[in-house]
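Undergrad: Below are the chains, spelled out letter by letter.
2 protein chains.
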Amino acid sequence: MHVIAAYDIGEKRVAKVLKTFRKYLTWIQNSVFMGDITKAQLEKLKMELFEIIDEDYDQVLFFKLNSAKMLKSETLGKEFNPLDNFI
Amino acid sequence: MHVIAAYDIGEKRVAKVLKTFRKYLTWIQNSVFMGDITKAQLEKLKMELFEIIDEDYDQVLFFKLNSAKMLKSETLGKEFNPLDNFI
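Residue numbers (my numbering), protein chains in the order written: chain A, 1 to 87; chain B, 1 to 87.
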């Protein structure tokens, strides 16, 4: 499946969250990751994030699609580095 | 169409960008907006944003889908207020 993840994380925990995301997805903007991921990998990512975040203050949103082909992207401003699997 | 927009905007311009987005989409996280929008409205939003942002420093990413039904969302941490058209 294809996932866009956007997070809003307290400063103390943001570096750990970033490091965890990097293992599974591609960093595309300040607090946005994206990429193809299996259901099992996504569960693993969520469990790892769950260990780091403070549930009362932090938030991670996942937007899940069957395929990247369903998505069209567009950038305003600074160049966006298109990913291989990004249409 | 359904749109997720994520922005990374310099502090001086962020309030104006937020105000502009609010006219067209729903604020769902720190720097993420979402909602149904027509092609004409999206063009209008982009033109308005283009007047505000500094192209060398700021970035707005748009992820466009035919329908919100293609998307499944999931939240980790703080509650996410689901939108009417959000599945």
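Treat each hint with caution, since some may be false.
[Stated by the list, open to error] Computed list of lysine to aspartate or glutamate pairs in EDC-like fashion (alpha-carbon distance at most 20 Å, straight line):
#: 1; chain 1: B; residue 1: Lys-64; chain 2: A; residue 2: Asp-58
#: 2; chain 1: A; residue 1: Lys-46; chain 2: B; residue 2: Glu-48
#: 3; chain 1: A; residue 1: Lys-39; chain 2: A; residue 2: Asp-54
#: 4; chain 1: B; residue 1: Lys-44; chain 2: A; residue 2: Asp-36
[Unchecked claim] Computed far set for chain A versus chain B, every beta-carbon distance over 10 Å:
#: 5; residue: Tyr-24
#: 6; residue: Val-32
#: 7; residue: Asp-36
It should be emphasised that the hints constitute simulated quantities derived from the structure, not laboratory data.
Where is the CB? At the ideal position from N, CA and C, for every residue including glycine.
Undergrad: Work down the list of hints and note, for each, if the structure agrees.
TA: Hint by hint, here is what the structure shows:
1. Lys-64(B) <-> Asp-58(A): Violated, at roughly 26 Å.
2. Lys-46(A) <-> Glu-48(B): violated (36 Å)
3. Lys-39(A) <-> Asp-54(A): violated (24 Å)
4. Lys-44(B) <-> Asp-36(A): Violated, because 31 Å separates the two Cα atoms, which is more than 20 Å.
5. Tyr-24: holds (14 Å)
6. Val-32: The assertion about Val-32(A) is violated, with a minimum of 5 Å to chain B.
7. Asp-36: Correct as stated: the minimum Cβ-Cβ distance to chain B is 15 Å, above 10 Å.
Violation of the numbered hints given earlier is confined to hints 1, 2, 3, 4, 6; the remaining hints are satisfied by the structure.
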